[in-house]
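Enquirer: Chains as they are written, first to last, in this note's numbering: chain C, 1 to 268; chain E, 1 to 268; chain A, 1 to 268.
The reader is advised that the hints may include incorrect statements.
Because identical chains cannot be distinguished in the list, a pair is counted as satisfied if it fits within a single copy or across any two copies.
Stated by the list, open to error - In silico DSS-like cross-links for lysine-lysine, where the CA-CA straight-line distance does not exceed 27 Å:
id	residue 1	residue 2
1	K18	K3
2	K261	K19
3	K18	K261
4	K3	K163
5	K17	K3
6	K18	K156
Please keep in mind that the hints were generated in silico from the structure rather than gathered at the bench.
None of the values given here were measured: they were computed from a predicted structure.
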Amino acid sequence: MPKLAEKAAQNLDLLRKKKPLIHNITNLVVMNVTANALLAMGASPVMAHSKNEVREMVTLSDALVLNIGTLSEEWLESMLRAGQRAMELNIPIVLDPVGSGATTFRTFSAQKLVEKIKIRVIRGNPSEILSLRHKDSRTKGVDSIHTVDDAAIAAKELSRQIKTTLAVTGPTDLITDGARIIRILNGHPLMGFITGSGCMATAIIAAFLAVDPNAVSASAAALSFFGLAGEMAGNSSAGPGTFMVRLLDALYNITPEALEKGASIIES
Amino acid sequence: MPKLAEKAAQNLDLLRKKKPLIHNITNLVVMNVTANALLAMGASPVMAHSKNEVREMVTLSDALVLNIGTLSEEWLESMLRAGQRAMELNIPIVLDPVGSGATTFRTFSAQKLVEKIKIRVIRGNPSEILSLRHKDSRTKGVDSIHTVDDAAIAAKELSRQIKTTLAVTGPTDLITDGARIIRILNGHPLMGFITGSGCMATAIIAAFLAVDPNAVSASAAALSFFGLAGEMAGNSSAGPGTFMVRLLDALYNITPEALEKGASIIES
Amino acid sequence: MPKLAEKAAQNLDLLRKKKPLIHNITNLVVMNVTANALLAMGASPVMAHSKNEVREMVTLSDALVLNIGTLSEEWLESMLRAGQRAMELNIPIVLDPVGSGATTFRTFSAQKLVEKIKIRVIRGNPSEILSLRHKDSRTKGVDSIHTVDDAAIAAKELSRQIKTTLAVTGPTDLITDGARIIRILNGHPLMGFITGSGCMATAIIAAFLAVDPNAVSASAAALSFFGLAGEMAGNSSAGPGTFMVRLLDALYNITPEALEKGASIIES
Chain C
1 MPKLAEKAAQ NLDLLRKKKP LIHNITNLVV MNVTANALLA MGASPVMAHS KNEVREMVTL
61 SDALVLNIGT LSEEWLESML RAGQRAMELN IPIVLDPVGS GATTFRTFSA QKLVEKIKIR
121 VIRGNPSEIL SLRHKDSRTK GVDSIHTVDD AAIAAKELSR QIKTTLAVTG PTDLITDGAR
181 IIRILNGHPL MGFITGSGCM ATAIIAAFLA VDPNAVSASA AALSFFGLAG EMAGNSSAGP
241 GTFMVRLLDA LYNITPEALE KGASIIES
Chain E
1 MPKLAEKAAQ NLDLLRKKKP LIHNITNLVV MNVTANALLA MGASPVMAHS KNEVREMVTL
61 SDALVLNIGT LSEEWLESML RAGQRAMELN IPIVLDPVGS GATTFRTFSA QKLVEKIKIR
121 VIRGNPSEIL SLRHKDSRTK GVDSIHTVDD AAIAAKELSR QIKTTLAVTG PTDLITDGAR
181 IIRILNGHPL MGFITGSGCM ATAIIAAFLA VDPNAVSASA AALSFFGLAG EMAGNSSAGP
241 GTFMVRLLDA LYNITPEALE KGASIIES
Chain A
1 MPKLAEKAAQ NLDLLRKKKP LIHNITNLVV MNVTANALLA MGASPVMAHS KNEVREMVTL
61 SDALVLNIGT LSEEWLESML RAGQRAMELN IPIVLDPVGS GATTFRTFSA QKLVEKIKIR
121 VIRGNPSEIL SLRHKDSRTK GVDSIHTVDD AAIAAKELSR QIKTTLAVTG PTDLITDGAR
181 IIRILNGHPL MGFITGSGCM ATAIIAAFLA VDPNAVSASA AALSFFGLAG EMAGNSSAGP
241 GTFMVRLLDA LYNITPEALE KGASIIES
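One chain only, chain C, in its complex shape:
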């Protein structure tokens, strides 16, 4: 899809000029690597979670990331506060429902955030995303999904139900706003051997949303950019340690031209 690849390149160029400030309320495991990924690609990260300051911090920001890994009640309260202020200011919000579906607290928290806050994009793996279905939903469960096509149909239905663009990542990434379905083929198997690859993808979507109001094209730009960085890093790495280092280098070095050429985006 040359049009989305071209848009991705324009977005990356804009992003490096604007250096958007991305406010992250994210988990304790990936804070450092998320900040480094945002810095490497040309954005500006800030991490702040205290209920005393999240409303004020988000006001200064160009996008907000809510990531529920290592969640606690206090942090959930801060996410709700920051999210509500971001809504008032029309600042785009990305949700990463880490572990939703695994514990009651995570599922409850993710569903509460989806219910109370207007999220622009939700990024997760298939089981996390499908855990967001309403209880009485007839959307298929994760156990009944056997192919990428099954996943695409389920994601599309859920996107319509919760009126939010979904980015379902895996060996092939799916993006849907309930109408369009985009597949991103970029990526590398070593991404599964470092912690935070999903969380970085989420933060990178937020960075692209700061320069592109269209949730579908921003997500496609982010995931093709991140996947391409993974390919560049993976092709020369002896293992996940080297891979992480080269991934950050690639996020820094990929030019808009290289992204346009390397992005593997399919609209179907």
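Chain C is already provided as a structure; the job is to place chains E and A on it using the hints.
Expert: Just chains E and A now, with coordinates in the frame of chain C:
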């Protein structure tokens, strides 16, 4: 000791097939690197500390790590909850008493965890391990330990007293269940120049316990595997930055055959 | 200024012999990398934030770092406790007012720490440092600072007002105790593309204060050492991933002789 090296190789092979889920309630400094070490070696990490979800999360897990670095009262409460649930389910628990002996709060917390929860293995440095003695113990203190043999005798006594296998790490690692004494000679001096090397060792012991119910052979497998990775990383590193990267690569690349050949395990 | 470079070299030599223990109450994003930087250079880091133990932990330490990134009310309380105990024991304290000026809570917290605790050195960027002015101060604001000379004059005035040595970092670093003004020219642009470079600089100042009671010469040693490490890392790096790895290697490898030769310190 060819038998333990052979067992280590079998365990590593099993572990890579099973990909056990390791629930970590660990300190803020090493969360990222612990997750990366577990992923690199072929296990699957999850970090969760909220009292609202630790009981549920540990139910899904194959082993539990309790690490008291950067401890607070809330986290101690969560450790007790997760630990009690793990006991009920016979899920193996490893304790890392980081800084026990340095402050009253850490010593109190470590002793409370040992008292309330059936720990499978405790991994620490000599002063941390010896801080776990009962107050009225006649076990020798850390100041009276001058040789590896002194340490071995003290560890053996303490292991009997608290009925738990101990893994005392340092230039030479000691493992004892009160009867056997195993020494691991693998390792590299650069391990002392990165943060989290002890904490990674603890998590790796947990991963091996997920496939081997024998605390002694699981600990021997873990420490020889981790020490061998250190040797491979250290022999080609210009400093601790490069060392950390190559350590993760080595955890990913070491085969069961290489472990059996490289493990330096002595039973005496 | 050969005298300060010579002193820096002596300090580095002392530090590697003494291996001072640096107690850090710092932010969640940079804990790991701060610990690694301190270890790589030859110091010994400890992270502890619980109000139950900070007074006891700081007693064991040779310097204390207070860093308000990702601050919460509980952590502020712990910083005040640790700081007051360090004052009683004449243990040097370094403050990093991360984000002061950006939100009311951060500005309030930084000002409270400065008011209640005798800080030896405050390290920040120009806007963070200038946010510490008294409300009724006539010191120029950050908006009116256009040149390094403007910054030097403003920093000198503020240093006198709050009676604390200031280390204002940027492309050129400024150190002032209200009388002297030192400029450090070492550094590399890639330092701006990794998270925690400022926070590492702060912790390294604390490590030098543990062996040098003079706040100006300790800060000059720290910032020239860290900047030189940045130069060595940056000159051979393809991006920020590689840069971070080589920065840690350089902190480990720089000898006192190399520091004396490479330090670019100007007193004016």
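Enquirer: Evaluate each hint against the coordinates.
Expert: Outcome of the hint check:
With identical chains, the CA atoms of K18 and K3 are at most 27 Å apart within one copy only, with a shortest distance of 22 Å there and 43 Å across copies. For the homomeric pair K261 and K19, the shortest alpha-carbon distance inside one copy (23 Å) is at most 27 Å, but the shortest distance between copies (37 Å) is not. Taking identical chains as interchangeable, the C-alpha atoms of K18 and K261 lie at most 27 Å apart only when both belong to the same chain, with a minimum of 23 Å there against 39 Å between chains. Taking CA atoms no more than 27 Å apart as the test, K3 paired with K163 passes inside one copy only; the shortest distance there is 24 Å, against 60 Å between copies.
Taking identical chains as interchangeable, the C-alpha atoms of K17 and K3 lie at most 27 Å apart only when both belong to the same chain, with a minimum of 21 Å there against 42 Å between chains. Taking identical chains as interchangeable, the C-alpha atoms of K18 and K156 are never at most 27 Å apart, the minima being 32 Å within one chain and 33 Å between chains.
Hint compliance for this structure: hint 6 is the single one not met.
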